[in-house]
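*Asks:* Following the hints, complete the assembly by docking chain U onto the known chain W.
Protein chains: 2
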Amino acid sequence: MYRSNTCGELRLTNVGQTVTLAGWVQKARKMGGMTFVDLRDRYGVTQLAFNEAVDADLCAKANKLGREWVIQITGTVAERSSKNANLPTGEIEIIVSNLEVLSASDVPPFTIEDNTDGGDDIRMQYRYLDLRRPMVRKNLELRHKIAFEVRRYMDERNFLEVETPVLINSTPEGARDFIVPSRMNPGQFYALPQSPQLFKQLLMVSGFDRYFQIVKCFRDEDLRADRQPEFTQIDCEMTFVEQNDVIEMFEGLAKHLFKYVKNIEFAEAFPRMTWADAMKYYGSDKPDIRFGMKFVELKDLTEGGNFVVFDSAPYVAGICAEGCASFTRKQIDQLTDFVKRPQIGAKGLVWVRCEADGSYKSSADKFYSQEQVKSWAERCNAKAGDLILIMAGEMHKTQKQLCELRLELGNQLGLRNKDVFAPLWVIDFPLFEWDDETQRYYAMHHPFTMPNPDDVPMLDSNPGEVRAWAYDMVINGVEVGGGSIRIHNSDLQNKMFSLLGFSEESAMSQFGWLINAFKFGAPPHGGLAFGLDRLVSLFAGLDSIRDCIAFPKNNSGRDVMIDAPSTIAEEQLNELNIKIDLQEKK
Amino acid sequence: MYRSNTCGELRLTNVGQTVTLAGWVQKARKMGGMTFVDLRDRYGVTQLAFNEAVDADLCAKANKLGREWVIQITGTVAERSSKNANLPTGEIEIIVSNLEVLSASDVPPFTIEDNTDGGDDIRMQYRYLDLRRPMVRKNLELRHKIAFEVRRYMDERNFLEVETPVLINSTPEGARDFIVPSRMNPGQFYALPQSPQLFKQLLMVSGFDRYFQIVKCFRDEDLRADRQPEFTQIDCEMTFVEQNDVIEMFEGLAKHLFKYVKNIEFAEAFPRMTWADAMKYYGSDKPDIRFGMKFVELKDLTEGGNFVVFDSAPYVAGICAEGCASFTRKQIDQLTDFVKRPQIGAKGLVWVRCEADGSYKSSADKFYSQEQVKSWAERCNAKAGDLILIMAGEMHKTQKQLCELRLELGNQLGLRNKDVFAPLWVIDFPLFEWDDETQRYYAMHHPFTMPNPDDVPMLDSNPGEVRAWAYDMVINGVEVGGGSIRIHNSDLQNKMFSLLGFSEESAMSQFGWLINAFKFGAPPHGGLAFGLDRLVSLFAGLDSIRDCIAFPKNNSGRDVMIDAPSTIAEEQLNELNIKIDLQEKK
Numbered sequence: 000m001y002r003s004n005t006c007g008e009l010r011l012t013n014v015g016q017t018v019t020l021a022g023w024v025q026k027a028r029k030m031g032g033m034t035f036v037d038l039r040d041r042y043g044v045t046q047l048a049f050n051e052a053v054d055a056d057l058c059a060k061a062n063k064l065g066r067e068w069v070i071q072i073t074g075t076v077a078e079r080s081s082k083n084a085n086l087p088t089g090e091i092e093i094i095v096s097n098l099e100v101l102s103a104s105d106v107p108p109f110t111i112e113d114n115t116d117g118g119d120d121i122r123m124q125y126r127y128l129d130l131r132r133p134m135v136r137k138n139l140e141l142r143h144k145i146a147f148e149v150r151r152y153m154d155e156r157n158f159l160e161v162e163t164p165v166l167i168n169s170t171p172e173g174a175r176d177f178i179v180p181s182r183m184n185p186g187q188f189y190a191l192p193q194s195p196q197l198f199k200q201l202l203m204v205s206g207f208d209r210y211f212q213i214v215k216c217f218r219d220e221d222l223r224a225d226r227q228p229e230f231t232q233i234d235c236e237m238t239f240v241e242q243n244d245v246i247e248m249f250e251g252l253a254k255h256l257f258k259y260v261k262n263i264e265f266a267e268a269f270p271r272m273t274w275a276d277a278m279k280y281y282g283s284d285k286p287d288i289r290f291g292m293k294f295v296e297l298k299d300l301t302e303g304g305n306f307v308v309f310d311s312a313p314y315v316a317g318i319c320a321e322g323c324a325s326f327t328r329k330q331i332d333q334l335t336d337f338v339k340r341p342q343i344g345a346k347g348l349v350w351v352r353c354e355a356d357g358s359y360k361s362s363a364d365k366f367y368s369q370e371q372v373k374s375w376a377e378r379c380n381a382k383a384g385d386l387i388l389i390m391a392g393e394m395h396k397t398q399k400q401l402c403e404l405r406l407e408l409g410n411q412l413g414l415r416n417k418d419v420f421a422p423l424w425v426i427d428f429p430l431f432e433w434d435d436e437t438q439r440y441y442a443m444h445h446p447f448t449m450p451n452p453d454d455v456p457m458l459d460s461n462p463g464e465v466r467a468w469a470y471d472m473v474i475n476g477v478e479v480g481g482g483s484i485r486i487h488n489s490d491l492q493n494k495m496f497s498l499l500g501f502s503e504e505s506a507m508s509q510f511g512w513l514i515n516a517f518k519f520g521a522p523p524h525g526g527l528a529f530g531l532d533r534l535v536s537l538f539a540g541l542d543s544i545r546d547c548i549a550f551p552k553n554n555s556g557r558d559v560m561i562d563a564p565s566t567i568a569e570e571q572l573n574e575l576n577i578k579i580d581l582q583e584k585k
Numbered sequence: 000m001y002r003s004n005t006c007g008e009l010r011l012t013n014v015g016q017t018v019t020l021a022g023w024v025q026k027a028r029k030m031g032g033m034t035f036v037d038l039r040d041r042y043g044v045t046q047l048a049f050n051e052a053v054d055a056d057l058c059a060k061a062n063k064l065g066r067e068w069v070i071q072i073t074g075t076v077a078e079r080s081s082k083n084a085n086l087p088t089g090e091i092e093i094i095v096s097n098l099e100v101l102s103a104s105d106v107p108p109f110t111i112e113d114n115t116d117g118g119d120d121i122r123m124q125y126r127y128l129d130l131r132r133p134m135v136r137k138n139l140e141l142r143h144k145i146a147f148e149v150r151r152y153m154d155e156r157n158f159l160e161v162e163t164p165v166l167i168n169s170t171p172e173g174a175r176d177f178i179v180p181s182r183m184n185p186g187q188f189y190a191l192p193q194s195p196q197l198f199k200q201l202l203m204v205s206g207f208d209r210y211f212q213i214v215k216c217f218r219d220e221d222l223r224a225d226r227q228p229e230f231t232q233i234d235c236e237m238t239f240v241e242q243n244d245v246i247e248m249f250e251g252l253a254k255h256l257f258k259y260v261k262n263i264e265f266a267e268a269f270p271r272m273t274w275a276d277a278m279k280y281y282g283s284d285k286p287d288i289r290f291g292m293k294f295v296e297l298k299d300l301t302e303g304g305n306f307v308v309f310d311s312a313p314y315v316a317g318i319c320a321e322g323c324a325s326f327t328r329k330q331i332d333q334l335t336d337f338v339k340r341p342q343i344g345a346k347g348l349v350w351v352r353c354e355a356d357g358s359y360k361s362s363a364d365k366f367y368s369q370e371q372v373k374s375w376a377e378r379c380n381a382k383a384g385d386l387i388l389i390m391a392g393e394m395h396k397t398q399k400q401l402c403e404l405r406l407e408l409g410n411q412l413g414l415r416n417k418d419v420f421a422p423l424w425v426i427d428f429p430l431f432e433w434d435d436e437t438q439r440y441y442a443m444h445h446p447f448t449m450p451n452p453d454d455v456p457m458l459d460s461n462p463g464e465v466r467a468w469a470y471d472m473v474i475n476g477v478e479v480g481g482g483s484i485r486i487h488n489s490d491l492q493n494k495m496f497s498l499l500g501f502s503e504e505s506a507m508s509q510f511g512w513l514i515n516a517f518k519f520g521a522p523p524h525g526g527l528a529f530g531l532d533r534l535v536s537l538f539a540g541l542d543s544i545r546d547c548i549a550f551p552k553n554n555s556g557r558d559v560m561i562d563a564p565s566t567i568a569e570e571q572l573n574e575l576n577i578k579i580d581l582q583e584k585k
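Heads up: the protein sequence lines correspond to chains W and U, in order. Heads up, the first sequence is in numbering that gives the first Met the number 0, so the first residue is 0 and it goes up one at a time. Heads up, the second sequence is in numbering that gives the first Met the number 0, so the first residue is 0 and it goes up one at a time.
Next up, chain W with everything else stripped away, as it sits in the complex (with noise of 0.2 Å):
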């Protein structure tokens, strides 16, 4: 070993001792005869002490180093006289009476610091040195930390991990698969798993009881912040359960992780909204409900004011902002401006001003007399000082803008602090989603999704209104996770897949050895997945989960470190029976 000590550990306690430490030259600073080097390992950061009286080449050889050299060091802990309440090491320095250079170091490209002086770019090209900063560091830290504590808790409750395969069968539903061509089997591939999703249900049917993996899942599809080409699920199933035991299982796996990562308690059950009541109220199906803000459907109270925007529209709805009666007039354009982006695309925005004295100051004031505003306000729940935001249109369209002012009003107001957390379940999820361009009916999460059985009488007569026992886990307004109960019973799934479009042959050759296996004596079972990924970047209070990945790809998929993907040699495709083939961009 090359120490005796780590950098983060020695105290008073230890005045007196010789120690040998190793680590990394965090800065070096000459003050009068003296030198001085903050030596950094993942433990923290040590003072060093060089003193040119007591040993003038050792301190010459000091003064020699550059950041981030590697060196190995041997002295005595002494108190230091200047103390440094900000480091843990703080009370203590190392007088060195032994230096060794381990290796040196080039100037490397940007600051080793929380806060550097490193672009994304440059980061991400040197991603070996970004991950020396602490702030990175305690990002993997943490996500080991979770991934352990998932562990320990599914354990407990006698949940087996087992490992999927990585190298199965491409199947055309959904995203986009990654391929592997087979060199034993010429013209055949391998897909990468988007989910072990029927690997799972197999174990179920051999009678595995509870199962769990992390594991690694593919998806090539276009890639933006919160989405890489790989990403890590905590997935999970059980056997002889109803929604109910599924929802208890994994909210007390957030619990433990909330109790054992974050030190937060908590002792109530996690509210549970139905999917109607979140779109309704929140235009969501992952409602933000740290704040309240929910949406008031106005349109009966809208009628005869002769206002075309309101009149023409078939939904109305306004949210009210508490105490932004005082918002200037520019700050009210800013939010017009907010919601005409084209990523939002709304064409404007109604405001009510309730005032001190009662009277209400409304952007539609030509339309509507005091008398029905003051409708709107009450039905608001709005009181003086309180400012009502209101829009208008198609209905489901109106909601998802109206969702984007009320977060990014929440932003505004400070509502979504990243130390405040709000689970919540969605439950009720619709079993199936119209598309209008190929119009027809898709599974919303997956064609093996149990249908509510109070709902399956509707199943051919009013398909859109069966609800489903899927069920999302939202914290903060991420979806952390999402699960079903699944099919266990042949005839309804064949129902599905008829429901679904697919002929006896397609779901066959897509999902024949499922089909097959529950032949065999199917339990009852359901699961679902988390998001680790997203669990880490929601706990650390990050932005993109590219900050808890050691090493992410870029929205081109490329590991711009290593420089991958490459071009391969003309050998390895003429063994693998394929060869490039650049087709003409679309």
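These are calculated hints, taken from the structure and not from any lab test. All C-beta atoms, glycine included, are put in the ideal place defined by N, C-alpha and C. Fair warning: there could be bad hints in the mix.
Said to hold, decoys possible - Between beta-carbon pairs, the in silico distance windows are:
no.: 1; chain 1: U; residue 1: A275; chain 2: W; residue 2: E570; range: 31 to 41 Å
no.: 2; chain 1: U; residue 1: R223; chain 2: W; residue 2: K396; range: 55 to 65 Å
no.: 3; chain 1: U; residue 1: D116; chain 2: W; residue 2: R151; range: 35 to 45 Å
no.: 4; chain 1: W; residue 1: D221; chain 2: U; residue 2: I263; range: 32 to 42 Å
no.: 5; chain 1: U; residue 1: E247; chain 2: W; residue 2: P270; range: 28 to 38 Å
no.: 6; chain 1: U; residue 1: E155; chain 2: W; residue 2: T12; range: 19 to 29 Å
no.: 7; chain 1: U; residue 1: R226; chain 2: W; residue 2: S543; range: 35 to 45 Å
no.: 8; chain 1: W; residue 1: N553; chain 2: U; residue 2: R223; range: 35 to 45 Å
no.: 9; chain 1: U; residue 1: T17; chain 2: W; residue 2: K279; range: 40 to 50 Å
no.: 10; chain 1: U; residue 1: N13; chain 2: W; residue 2: N553; range: 31 to 41 Å
no.: 11; chain 1: W; residue 1: D221; chain 2: U; residue 2: R226; range: 30 to 40 Å
no.: 12; chain 1: W; residue 1: R151; chain 2: U; residue 2: E247; range: 19 to 29 Å
*Replies:* Below, chain U without anything else, positioned relative to chain W:
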């Protein structure tokens, strides 16, 4: 929840309780007016009793149940009149009052019992049924337990589990890579990692200090019993360590696993053997030291016999099989046939029987006097009643053949008990391996392995003699793990590359990012990786790693259950800018 209890937990103390169970029908039998059903789940088997006299309809329903049907029952726990001592639940049965069929089952294609009538092929095709057999499930439970205990040990010692990427770059050195075409980067390919070697070294450069990961790795090699295209490593790396630190840390891990998984305590340190001794005494770099029978070199004692087999051989060595002088001629002939099999390729075997009267009977009696043969026996420490088996030829080849003979004898004599574990460190591996075909040296471990500093002066003059700081953990003749101290000095690394015949350009193009990273303060570091599949199969006493993998592939790399790999749609290939280009078989 469909059950109040599992099928493994009810005991006499529960008698009188009303319970609900769910599970699979293991078997049903009618005895007079009673019908008994064995209900199975992951946790055990519980007997259900139906009495025709009490409820004829219910009993009739029970009589219709088939094997592997999934049912739910409610009933009362009762003491059994005829108890089954082989079953933990064998003292009770459930007097059933309600029976619900949750899923019927077709007749399974083989019996779901440890002693199944299903052959390999059909069990793999219906792996989800095979996994219902207790012995298969237990292997996977053991796997879960081992992985969990690995993580507990590592976490307690400050190792961070860090996920390294699966989509990386292809490196031509080493085994064949699986590759993945990149849609977003036309004409370019990712590769799946053969190990996270370079990434874990980068994490050390990043100051992560202690890393581990239980991680899938991929090699596109031809397959056999202990090889799968995807396999799992326990990958580990530490900073500021020397060889002994790594060995102690991971010997501790192995002891932890033996203790918590197998309930076996190793009080003493694992023995360490140099690679040279392992080859000299066992003809293998992974000796099975559960038994003796070390090689004894006899060349000098065979001079002057005019026995051309020995005289023409540079190497003559024997092993002493204790108490085997009683072997019949037929048994000895079978051993001769064994070593003459093409896989082993020996020309023959010389044997010496140490008779009870102190005389010797040998197949080379024509050439050697009793005195001469006695000198062999003495060197072999053979006593009356022992059998000496001698082979001769080129040293390395003969050592390998003698090794096979020794292992075969160990098998025949019952010296390789699967419940006995004999761990061993093999150290001082050669740094280089000479390849006759290409007339050059290859890195025996990998190009980043640190040479033993004592031997560095020989790097140029006598590279074949240079020892590496590399080590393997061997248990019962199986290499379960191996690793090395890595080079952290750029000059030494460049020297290695040049000795291995890399040009500066080829080294940069393959390992450029690691070489660059090492310019910014690389600490001394080293580590190792365990093969999880091998470790589990060793702990489980299995002959093949396949039996501890939930969904393994066959020798053609196929998953016969899901029929992967498979052909994919033309459009998918177009999107990926590749096409199939079947090569003529060579």
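*Asks:* So which hints don't hold here, by number, going up?
*Replies:* Of the numbered hints, 4, 5, 10 do not hold.
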